[in-house]
Amino acid sequence: MAELVNLTINGQAIQAEKGALLIEVARQNGIEIPAFCYYEGLTLQAACRMCLVEVEKTPKLQVGCTLPVADGMVVHTESEIVRKARKGTLEFLLTNHPLDCPVCDKGGECELQDMVFRYGAGESRFAERKHHVDEQQWSPVVYFDAPRCILCYRCVRVCNEGMGVGALGVANRGVISEIVPNRHDYLECDECGACIDICPVGALTSGSYRYQTRPWEMTHVGTICTHCGDGCRTTLGVRDDKIVRGNNRDHSGINGEFLCIKGRYAFDFVEHPERLQSPMLRNAQGEFEPISWSKAFATIAGQFEIVKDRGGKFGIIGSNHTTNEENYFLQKFARQGLGTKNIDHHRTGDLATFFDALSGKNGALATTADLYTAKAVLVVGADLAQQHPFLSYQARANFRHHAAHIYTVTSGPVREDNQAVASVRVAKGGELGGVESLREKLKVEGDLVIVFGDSIQGDGVRKLVAFGDSLGIPVKYVCLVDYSNSRGAFDMSLIPRDGGMSWQQMLAAKDLDVLWVVGANPLKNATLASSNAFVVVQDLFMTETAKRANLVLPAASAYEKNGTVTNVCGEVQKLKQAVKVMGTKTDLEIMGSIAKEMNLNLGIWLPDKVFAEIRRTVHGYDVPLPVVDTGGAAPTVPLNGRVPALPGAIQSAGDTLFTSGSMSRYSKILNAVIESPGGLYGSKGPEVSAQSPTASGQTPGGTVQS
Amino acid sequence: MPKKLYNDPSPLETRILSKRFGLDNSETLATYLANDGFKAFRKAREMKPEEIIEEVKTSALRGRGGAGFPTGLKWSFVPRSSPKPKYIVINADESEPGTCKDRLLMEYDPHQMIEGILIAGLALDAHKGYLYIRGEYRYLIDHMDRAIAEAYAQGYLGKNILGTGFDFDLYTHSGAGAYECGEETALLDSLEGKRGIPRMKPPFPAVAGAWASPTLLNNVETFSAIPAIIRDGGAAFAALGTPKNGGTRLLCVSGHVNKPGVYEVPLGYPMLKFIEEIAGGIPGGKKLKAVIPGGSSCPILKANECDIPMDYDSLAKIGSMLGSGGMVVMDETTDMVKVALRIMRFYAHESCGWCIPCREGTTWLRKILQRFDDGGGRSEDVGLLGELSKNMLGRTFCALGDAAAMPTISIVEKFAEDFEKRLARDRQMVAV
Amino acid sequence: MMTFSPELEQKFAKMLTSYPEGKKRSAVVPMLIYAQDEVGSITPELIDEVARRCEVTALQVDEVVGYYSMLHRKPMGKYHVQVCTNISCLLVGGMELYEHACKKLGIGHKQVTADGQISLEEVECMGACSWAPAVEINYDFHHHVTPEKLDQLIDGLRKAQ
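Residue numbers (this note's numbering), protein chains in the order written: chain A, 249 to 954; chain B, 283 to 714; chain C, 23 to 183.
Everything labelled a hint here was simulated from the structure, so no lab data went into it.
Given the structure is predicted, the values throughout are model-derived calculations rather than measurements.
Take the hints with a grain of salt, since some may be wrong.
[As the list claims (entries may be wrong)] 20 Å max Cα-Cα, derived EDC-like pairs, lysine to aspartate or glutamate:
| id | chain 1 | residue 1 | chain 2 | residue 2 |
| --- | --- | --- | --- | --- |
| 1 | C | K36 | B | D655 |
| 2 | C | K36 | B | D451 |
| 3 | C | K46 | B | D451 |
| 4 | A | K335 | B | D655 |
| 5 | B | K483 | A | E302 |
| 6 | B | K672 | A | E302 |
| 7 | A | K378 | B | D684 |
| 8 | B | K649 | A | E359 |
| 9 | B | K649 | C | E144 |
Let the hints inform the model, and build the full structure from the sequences given.
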């Protein structure tokens with residue numbers, strides 16, 4: 249039990265942990281001490297001086313964000329002298345701050361505006377000339393307006409500490425001090441936009457969002473990012489049925505603080521002009537012809553029935569980014585409706601062997617939160633910063649805040665090396681040997697989370713789990729899979745159980761009669777052997793697979809529907825529809841309509857109803873509805889005994905920070921970033937120094953960073 | 283060859299630290315050894331570390347850089363028993379306007395300072411020292427490199443010094459033009475290769491300083507006083523000054539005096555006597571108007587406030603500071619508006635920019651004063667100058683904000699008539 | 023990759039071993055100011071070179087350049103004339119001396135003569151207060167400088183070319 253102290257703030261008697269920071273104790277007790285530079289989770293700066301408060305028996309005003317509470321302390325946060333000090337500090341700040349509110353994106357959600365309204369200094373006595381420098385553009389998505397900057401150093405810290413990139417620095421001296429990018433006049437970085445969202449004013453603004461709207465003119469829809477498997481909440485700002493921005497300023501998801509470039513910016517594929525907006529049928533001349541939905545459904549149902557009646561061969565390839573409800577319905581359609589076992593999806597991690605190896609074990613699956621709280625984290629064969637940036641963030645935050653031990657066993661350098669206790673370089677395929685070499689170090693850890701990528705497959709997974717068992721400490725695992733709902737696809741059984749064909753086998757089968765592809769692009773790098781197969785494709789764009797189709801149906805993206813998705817750690821969360829694109833239908837509605845056309849009774853195809861059935865029938869998905877319905881994340885534990893091996897090869901998508909399958913190709917912003925001077929580093933990562941380039945950084949514990 | 287001193291000495295000086303100034307080849311080890319050099323080190327080697335620190339405490343030596351913190355007490359804060367390496371950092375950044383004394387100590391008697399550093403090393407179990415010298419003093423960096431090389435060559439630095447088994451390495455480190463780097467913790471950041479931004483305290487440098495290790499940081503003159511203290515005893519040194527203000531110090535006097543220069547006097551020497559008899563009085567028989575007692579960061583004194591002994595406590599009692607010992611004398615022809623402006627231009631230029639009140643406040647004040655000096659002053663400006671300065675005072679991250687605020691407040695309060703005269707003159711000019 | 027004169031290379035080699043293990047970053051500022059004497063100014067190439075040698079990122083070096091007054095991104099003249107106008111020098115004619123220098127050289131603060139030989143800077147206190155007015159030319163101190171003496175010094179610089 250931590251030692252408690254008694255103190256008084258504004259006459260209120262408060263009990264707090266000895267040594268806790270005054271500003272945090274005050275906030276926990278509903279007393280707001282204003283601050284710009286203080287930011288929870290980042291190192292202390294004591295630079296803005298807004299948090300100065302009066303503490304009895306001390307001659308000077310005290311800095312609330314660095315003062316540890318002590319027994320008997322008597323604090324006044326709203327006395328006359330404190331109010332005057334705050335007003336004076338704001339007045340100083342406003343001397344160079346330009347009166348840009350009418351044209352500044354931040355207006356309406358600006359912390360400086362809020363402070364001035366609350367604490368005064370709206371009228372200034374400054375009668376001199378302001379110092380002006382022109383606005384700069386540092387990347388397609390990051391703009392910097394130096395006069396607006398209040399030098400709170402949040403951006404520098406979040407980039408260096410939070411993201412581990414360190415692309416921003418502070419240059420010059422005195423009143424011409426300025427935030428500078430690492431390539432002198434442009435940024436070479438993750439382009440995650442964290443700096444923009446953390447900026448309390450409009451100094452850093454988004455290139456994709458600027459000048460489009462005011463915050464109060466948008467509806468804010470909190471949904472789950474559709475680009476990778478981490479399951480980050482992205483709050484989409486929607487104006488006039490158009491998504492204008494994504495961020496996580498309300499910190500409402502499992503990702504709290506964090507979003508990457510895809511979560512923040514890559515929503516614009518939704519409105520790409522090449523979105524499919526009408527069902528299309530290949531006519532006798534071999535060209536696509538737009539048809540009505542009813543004709544489309546009738547055609548498909550007709551073909552399916554013919555093939556089903558004669559006992560023909562179906563092949564169904566589901567998606568990595570459709571919802572659980574859609575995946576569940578699809579496999580039900582396949583197994584019950586069409587009587588086929590040939591159902592698969594692009595599997596990016598060996599979940600089958602993983603669940604088999606863990607069957608019967610309790611508490612073996614790690615959640616994203618576990619990566620932040622575990623005493624040790626081992627990363628095997630994965631570049632988290634590229635493919636699972638939120639998991640990378642959690643591990644790094646664990647290191648920063650809890651001094652967790654990070655270990656990496658990878659074939660090349662990864663960002664986590666900078667925080668690692670030990671880094672082992674191995675040839676691809678030799679990861680298990682590298683892991684074994686860490687045995688002595690790992691077995692004395694308090695507990696461990698092992699995160700592994702697709703180079704660990706089949707028997708390798710069993711060996712890895714056996715290694716974990718042999719350490720004699722609690723071990724949890726994360727089997728990395730790509731795309732927003734790969735885990736869900738597996739959990740909903742979009743897999744060739746009981747002798748069904750893998751998707752590779754389907755493509756190779758010369759006698760395949762029907763190939764039904766929902767939200768997948770298997771023909772990107774492969775060919776379909778059966779030249780007579782009737783191919784139905786549901787997708788957003790005219791992909792390589794859609795080009796081969798007989799019938800193409802325009803589908804809705806994740807931002808245009810409701811439903812649930814399961815992230816890489818098995819946490820299930822709700823999507824919330826943000827916009828609707830004309831001419832599209834959700835995959836669930838499409839499948840339901842085909843089923844209706846075929847007079848199949850597969851249940852009501854509304855997301856809530858299907859989810860209710862999932863909760864009843866899918867092992868591990870009996871999650872508490874209040875958690876999911878209120879925007880929370882509920883861990884699923886589908887460990888249900890032995891899982892037989894599945895045919896077909898497993899391969900990671902190999903995405904980077906700037907790519908995510910076919911959707912990213914249609915994001916103008918992602919492409920602009922890739923083509924920008926700072927954007928090509930992509931796979932190799934920006935130049936990061938092991939030494940922390942913070943501006944006079946100190947950890948909350950008080951030790952000096954060197 | 284006797285080095286020609288930059289000013290003639292005064293017969294009224296009490297020369298302890300500066301006793302070798304003017305001797306032939308005073309900067310060489312040979313001259314140093316022939317004049318009591320390294321006697322203190324040998325004595326200190328036989329003392330217990332606690333005894334060395336106790337002697338320094340007894341001497342009532344206070345930091346000669348500006349803050350005047352009791353040196354012995356500062357030494358006692360360094361945890362000798364820490365398993366981390368302990369470092370000694372010598373502050374030779376000397377950038378306080380009005381101050382030019384550390385320059386002479388390094389130029390004329392480098393080995394005295396080196397000996398003081400070594401004695402500190404003995405007291406604190408420190409074996410590495412870094413001499414942080416401002417970039418403008420390049421000739422002195424070269425000079426110290428030669429003195430250090432000489433010491434190494436003859437066994438007074440390096441391994442097993444004088445066969446005592448004590449090792450010590452001393453390095454020079456160049457600054458590159460930044461007043462703030464004279465601030466203890468900003469100096470440490472600069473030493474670590476970063477911008478000179480001060481650090482939060484706690485932790486104090488004694489516990490976590492250079493490279494997060496226990497560090498002792500003192501001024502050139504402070505270290506230079508140590509050999510005399512150990513050699514002749516702390517009590518003898520203390521007795522030269524006044525209670526709690528022991529010893530002598532080098533005072534730099536500049537401005538409107540007949541004999542500007544650097545002179546060593548005991549703590550407590552009367553200010554007016556110093557100005558008249560040592561500094562030769564004010565040229566042309568003009569009247570004294572104002573004195574900056576110890577560097578531009580001090581509140582300025584009116585002529586009728588100058589009849590005081592010059593020690594830390596006496597000056598603190600009347601609301602000013604002994605500071606860095608940079609005394610600036612102003613006669614009746616001095617336009618205090620120009621003085622206030624030039625002082626604020628300095629602080630605005632040198633502000634590191636870390637915290638809002640100093641970064642924005644110094645520039646705002648400079649702009650007001652510039653406008654005022656250019657003839658655009660308003661009557662409300664005088665009050666505004668005082669108020670804004672008070673909004674900086676005690677609110678900033680480090681003492682630079684106070685250093686800018688204090689002289690400004692004292693000037694607008696004590697010399698308001700200079701500002702009024704300007705306003706009257708401006709009105710006249712406009713009327714014509 | 024840049025190389026410097028043998029003397030400077032030797033100095034840098036020694037410098038990098040002066041600091042504790044793994045703390046080469048400490049050499050950044052001294053390296054920059056010494057290298058500037060040879061290279062003429064802090065160029066992007068020099069920044070990369072210092073970053074490489076001190077094992078830090080280019081950003082970490084770049085941050086530092088604008089903070090320190092003596093580091094210049096544009097070359098100063100072969101002779102950089104620095105005139106102090108701070109309080110001690112101000113009281114004995116420092117400002118007038120600086121204005122005289124501007125007129126004599128035909129340039130202003132941090133500007134260079136057309137032939138690139140002489141540059142001028144109004145500087146802060148350089149530590150010569152008791153022997154004011156003070157001028158520093160490159161690293162050489164000059165005390166008690168009157169306008170006439172300054173003229174002599176500048177003429178001397180011009181003759182020296």
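Cross-check of the supplied hints:
1. C/K36 <-> B/D655: 50 Å, violated
2. C/K36 <-> B/D451: 13 Å, holds
3. C/K46 <-> B/D451: With a Cα-Cα distance of about 17 Å, the restraint between C/K46 and B/D451 holds, given a limit of 20 Å.
4. A/K335 <-> B/D655: Since the Cα atoms of A/K335 and B/D655 sit roughly 28 Å apart, the hinted pair is violated (cutoff 20 Å).
5. B/K483 <-> A/E302: Holds - the C-alpha atoms of A/E302 and B/K483 are around 19 Å apart, at most 20 Å.
6. B/K672 <-> A/E302: Cα-Cα ~16 Å, so holds.
7. A/K378 <-> B/D684: 24 Å, violated
8. B/K649 <-> A/E359: Distance of about 27 Å is beyond 20 Å: violated.
9. B/K649 <-> C/E144: The hint holds at about 18 Å.
Going through the hint list in order, the structure does not satisfy hints 1, 4, 7 and 8.
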